[in-house]
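Enquirer: Residue numbers (our numbering), protein chains in the order written: chain A, 1 to 123; chain B, 1 to 349; chain C, 1 to 593.
Derived from the structure by calculation, the hints contain no laboratory data. Here a beta-carbon is modelled for each residue, glycine too, at the ideal position from N, C-alpha and C. Each hint should be verified, as a subset may be incorrect.
Dumping the calculated DSS-like pairs for lysine-lysine here, alpha-carbon to alpha-carbon at most 25 Å [claimed, not checked]:
#: 1; chain 1: C; residue 1: Lys556; chain 2: B; residue 2: Lys280
#: 2; chain 1: B; residue 1: Lys260; chain 2: C; residue 2: Lys430
#: 3; chain 1: B; residue 1: Lys279; chain 2: C; residue 2: Lys556
#: 4; chain 1: C; residue 1: Lys391; chain 2: B; residue 2: Lys120
#: 5; chain 1: C; residue 1: Lys292; chain 2: A; residue 2: Lys107
#: 6; chain 1: B; residue 1: Lys147; chain 2: B; residue 2: Lys51
#: 7; chain 1: B; residue 1: Lys120; chain 2: C; residue 2: Lys407
#: 8; chain 1: C; residue 1: Lys543; chain 2: A; residue 2: Lys103
#: 9; chain 1: C; residue 1: Lys292; chain 2: B; residue 2: Lys120
#: 10; chain 1: C; residue 1: Lys292; chain 2: C; residue 2: Lys456
#: 11; chain 1: A; residue 1: Lys107; chain 2: C; residue 2: Lys342
#: 12; chain 1: C; residue 1: Lys407; chain 2: B; residue 2: Lys260
#: 13; chain 1: C; residue 1: Lys40; chain 2: C; residue 2: Lys456
#: 14; chain 1: C; residue 1: Lys347; chain 2: C; residue 2: Lys154
#: 15; chain 1: B; residue 1: Lys41; chain 2: B; residue 2: Lys51
#: 16; chain 1: B; residue 1: Lys120; chain 2: C; residue 2: Lys390
Partial chain A-side listing against chain B, Cβ under 10 Å, derived [claimed, not checked]:
#: 17; residue: Pro31
#: 18; residue: Met37
#: 19; residue: Thr43
#: 20; residue: His50
#: 21; residue: Phe54
#: 22; residue: Lys83
#: 23; residue: Leu86
#: 24; residue: Ala104
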Amino acid sequence: MDFGFTISKPRSIEPTEAGKEQLRLLEEQVPTFRRCMNCGGCTATCSAGHFINFNIRKVHNLYRWGQYKELDEELQKCMLCGKCTLVCPRGVNLRSLIIHLRKALNKDHLSNDFQHFIRNNNR
Amino acid sequence: MDGKIISIQVAIIGGGPAGIEAASILSRYGVQVSLFEGESKWAHNIGNKFKLFPDFSSADELVQTLSQKIVENQIPAYLSTKIVALEKQKNAWVLTDEQGRSYVADTVLLATGYDIFDAKRKEELGYGIYNGVMTSVDLEAMLKTGKITNVLGEQPQCVTFLQCVGSRDEKIGNHYCSKVCCVTAVKQAIEVKKMSPQTDVFVFYMDLRMWGQGFEELYREAQEKYSIRFVRGRISEAASTFDDRVQIKAEDTLVGQPLKMSTDLLVLMVGMEASCGTKKLAACCGIDGEYGFALSKQPHLADNQTAQRGLFVAGACKRPMSISDAINDARAAATEIVEYLKIVPANKK
Amino acid sequence: MSSYFHPFILPFCIGTLVLFVIIAVKFYRWITTLDRKQKKNVWMSLLTVRVFPALWRIVKEIVKEVLLHVNITRYNWRMGYMHRSIALGWFLLIVTGFVETLFHFRGGGHLPWLGIFFRFFVRDYTYGISRVWADVMDLLLLYVLSGVSIAIFKSIYSRVVGIRKNTKLRWFDICLRYSLWLIFPMRLLSESCTAALTGNGGFLTQGIGDMLPTEFAQVMEVPFWTAYSTCLCVFFVLFPFSRYMHIFTEPLLIVFRSLGVRESSQPTGYTRMELNACSRCGICIDGCPLDKELKINDIQGVYLLRDVRHGLPHRNATENCLMCDQCVVDCPVGIEITEIRKQERNKGALDTHDNYRFLDSIQSFNAIGRIAYFGGCMSHLTPGVTESMKKIFDAVGQKYWMMDEDKTICCGRPLLQQGFIAQAAELRRKNAHLIVESHAQYLVTSCPICYQSFKKEYNLPIKVIHHTEYLAALIRLGKLKPHKTGLKVAYHDPCELGRGCNIYDEPREVLQAVAELARVQKEREHSICCGHSLGNTALDVEKQDKVRDAALRNLKADHPDLIATACPMCKKAFQRDRYTTVKDIAELIAEQL
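Here chain A stands alone, though its shape is the one from the complex:
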């Protein structure tokens, strides 16, 4: 319904239960993900990141907070070359993380409930 005005959504992150569940599932599949200390080594060495502003660290942090908007398109820039995995000082299995993130975000792999959730939480 159009009331002639809109209420702007707050820009702050609001963690949701569904988002937490989604993160828990990812952490179960890629247990080393929990170890990340955000040093940025992965982004620094990223082959794709040398061409464009592709930031794998930022992508997974957004995922942590349930901010899924455009993450899938962003992740498609990865060439899976494995340099990030090779420099990570905490031994995070980044290649596995990227593949699982893409599975988690791809609409063909998602349950309808979660697609609905993404649509409503990503404005």
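Go by the hints and put chains B and C onto chain A.
Expert: This is chains B and C only, laid out in the frame that chain A set:
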């Protein structure tokens, strides 16, 4: 037994700050000690430094003072005597040095300290490959000359420090924090700025751990007074540029963007690893802990004792430690040893 | 009713008929579902002069592998004997039986089952030359029985044949195995009974027959023959659905392979042939580092092929593999296990198009008269390798263009290995464009992963060589004269370079110019993977390190001064170990210029 064997009450292995301090205290208590050092100089790791944090006092002076203690207390001290084996025989410890000489001691204090992480193992950072890449130890040597220069011998436009090289890194198997590098980088950055005020100085860090007295103030001073730039991000790779500078790739994680810049000098803040002697001797008597460091009996109340009776540990052979911590730890060890010697009945000695 | 008929032959006849119908249907389906490229290859081989070498290969391979089992024997002679005795023995039993029948009936005109049940129907065959036939048939039966008894022992204790582990079988295969094992003892008993009554047996059957009481033989003769026929029937009807399908599939596979058919990126009829040609011998388990070091025992080739063939769930089996190709090298049937695994890894909807537009900005370089040098993504983390190569290029006065000095477009192989086929193709297009545009003379690469990709997946108009090949050529030509050192070096064969591209000699040749080679127990095609292979995303570093440790133990057995390798990935893996000194071959050469 042949005449070569020398009998000692307390043998202290390692002539660094911990070893010397413990020796001098014990000898003041009237304990008969002997001090063994594998290198040809006392406290050689300190001797390689220029000034010490947090007060910028001279490293050479500290070495001087420590050496003086050996002389003043007339401690039998053996330089260039590398102990390579340590073995318990009944109630005594048998020490063997590289030349095959043996020493018998009632009690042993292990103060074998640390070695610097070999930065060549982090090949992607280009140490030993690119001229502009050096370690924090190399920088101390340069600071000692009183002049900061780039590869071409000119004043550098930019000097970049990278923290946690060889520490907190699963890739080389050292998960621990080396503790002193954070503040050392701040100290060195200030020194560079003092010698070469025109130079831009960057410090790349993952976390800055300013844990000691005066450290946080030093950090603040570095920012405020010396305009040293602190960047939160880890440098992943280095390459050389056509003009023999070093190109580094990192991410400014606070901005969230990849960062590429070139610098005249890249200083790797190399961490501490258990020294060769520590690894060897700790393994000899079964007190080797993680990463080859010596393992104390208990971290709170028995941090100088070990699983072996009559074998004590002090200083950076247990874990990365600052000089002042090592000296304090040596004093604690000395107290423990005095206690120990009292309770051992005379006939068992 | 003919005197050459008895109801007990019915199970056998029905079984055989069913068997051939099922096999015909299956073969027809597989052959018709080859993809276009594969069909084209077949016709190209059939309709050109290539048909002659192909035919020769077919005959040679079928005799060598289906009958003699040369590959298995080479891998392990005891297991080879087991397979050979059953396959060759049974084959000869059938052929000899058939010839014997022909001989007896002076040419054709006899009933088809007579060759199988000859002794029962031709009871007066006791004179002259017939004794020789009987002895030959008994000898063959004994040969088969020796194989069957080894198989029975092996099922209890696999070390009997020198294999670490038996394949875990489905209950269906286990039942069928018992029916196979029963066939030959049943034949022995039946023929012995008949021999007891008629005296037409050879040294073995007559020997046993003479020991049997006549009453027993009289009562048991028909039941034993019936049991024999029934065992054959059960086995024949069920075996197209079991692992024994390999008996008939392997010759078919050999035919199509010899006609130039290879796996495609998608499963085809040829894939079905490969899946059915697996006898589940378990040799792929024997060499698998994941089984040996990590006790991961459900992902090996045999299980992947089984699960894909029977449509069982197999995600873990698909993903958790180093793709080190040890099993591919060891497989006696020559099944392209890694290719099938890649097909199964196909990411489907995740494999998106048009992802890498941002790479269009990168410009090619006019490299006429130069060579192109591609370090590879990993080599940015091993500057020791690239800097050494640059030093060597300069030393021999070779002008070069380092394609990825600053930025690298990945070769695409890592994506391909993970089943992102379209994305990998896009990267290949970008790199191929850069290389072709540059007009460089040839391409040198330092990374075996890229090397294999450029060589096999790219179809480039210029020659692609690995830096070890390049260095070997320079040394051979006398352009590079490195000083000899006293070092003793253990060489680690990277999977992608060795098993992947068959480059074993050049690295050793180069190393011998500067150092002495240490003895390494498992080397060349048996080299143990460094564990950090890009083919695997499922293993975490702690587990990868365990495989690496096995590789290091193998390399260090002869106490070398250092370990040399020719792959940045392996180098990184070994560098993780604090007690290991590892250098690339290029570094060792550059140091000694």
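Enquirer: Compare the structure with each hint and give your call.
Expert: Right, here's what the structure says about each hint:
The suggested pairing of C:Lys556 with B:Lys280 holds, with an alpha-carbon distance near 21 Å, which does not exceed 25 Å. Distance restraint check for B:Lys260 and C:Lys430: the Cα-Cα separation of roughly 24 Å lies within the 25 Å cut-off, and the hinted pair is therefore satisfied. With a C-alpha separation of about 21 Å, the suggested pair B:Lys279 and C:Lys556 falls inside the 25 Å cut-off, and the hint holds. Between C:Lys391 and B:Lys120 the CA atoms are separated by roughly 19 Å; this keeps the pair inside 25 Å, and the hint holds.
Proximity of C:Lys292 to A:Lys107 is assessed by CA-CA distance (about 39 Å); at most 25 Å being required, the pair is judged violated. Between B:Lys147 and B:Lys51 the CA atoms are separated by roughly 14 Å; this keeps the pair inside 25 Å, and the hint holds. Restraint check: the Cα-Cα separation between B:Lys120 and C:Lys407 comes to about 24 Å, which is no more than 25 Å; the hinted pair holds. The straight-line distance between the Cα atoms of C:Lys543 and A:Lys103 is roughly 24 Å, inside the 25 Å bound, and the hint therefore holds.
The suggested pairing of C:Lys292 with B:Lys120 is violated, with an alpha-carbon distance near 32 Å, which exceeds 25 Å. With a CA separation close to 30 Å, the supplied pair C:Lys292 and C:Lys456 exceeds the 25 Å bound. For the hint linking A:Lys107 to C:Lys342, the alpha-carbon distance of about 23 Å falls within 25 Å, and the restraint holds. Under the criterion of a C-alpha separation no larger than 25 Å, the hint pairing C:Lys407 with B:Lys260 is consistent with the structure, at around 12 Å.
Pair hint C:Lys40 plus C:Lys456 holds up; C-alpha atoms about 19 Å apart against a cutoff of 25 Å. Between the alpha carbons of C:Lys347 and C:Lys154 the distance comes to roughly 39 Å, so the proposed pair goes past 25 Å and is violated. For a cut-off of 25 Å, the pair hint linking B:Lys41 to B:Lys51 stands: about 18 Å separates their Cα positions. Taking the CA atoms of B:Lys120 and C:Lys390, the gap is about 19 Å. The hint holds against a cut of 25 Å.
Annotation: interface hint on A:Pro31 violated; nearest CB of chain B at approximately 14 Å, more than 10 Å. Because the smallest distance between the Cβ of A:Met37 and any Cβ of chain B comes to about 6 Å, under 10 Å, the interface hint for this residue holds. Annotation: interface hint on A:Thr43 holds; nearest CB of chain B at approximately 4 Å, less than 10 Å. A cut of 10 Å between beta carbons decides the hint on A:His50: the least distance to chain B is about 7 Å, and the hint holds.
Annotation: interface hint on A:Phe54 holds; nearest CB of chain B at approximately 8 Å, less than 10 Å. The closest approach between the C-beta of A:Lys83 and any C-beta of chain B is roughly 8 Å, which is under the 10 Å cut-off, so the hint is satisfied. Given the 10 Å rule on beta carbons, the hint for A:Leu86 holds: about 8 Å separates it from the nearest Cβ of chain B. The criterion of a C-beta within 10 Å of any C-beta in chain B is not met by A:Ala104, whose closest approach is roughly 21 Å, and the hint is violated.
In this structure, the hints that do not hold are numbers 5, 9, 10, 14, 17 and 24, in rising order.
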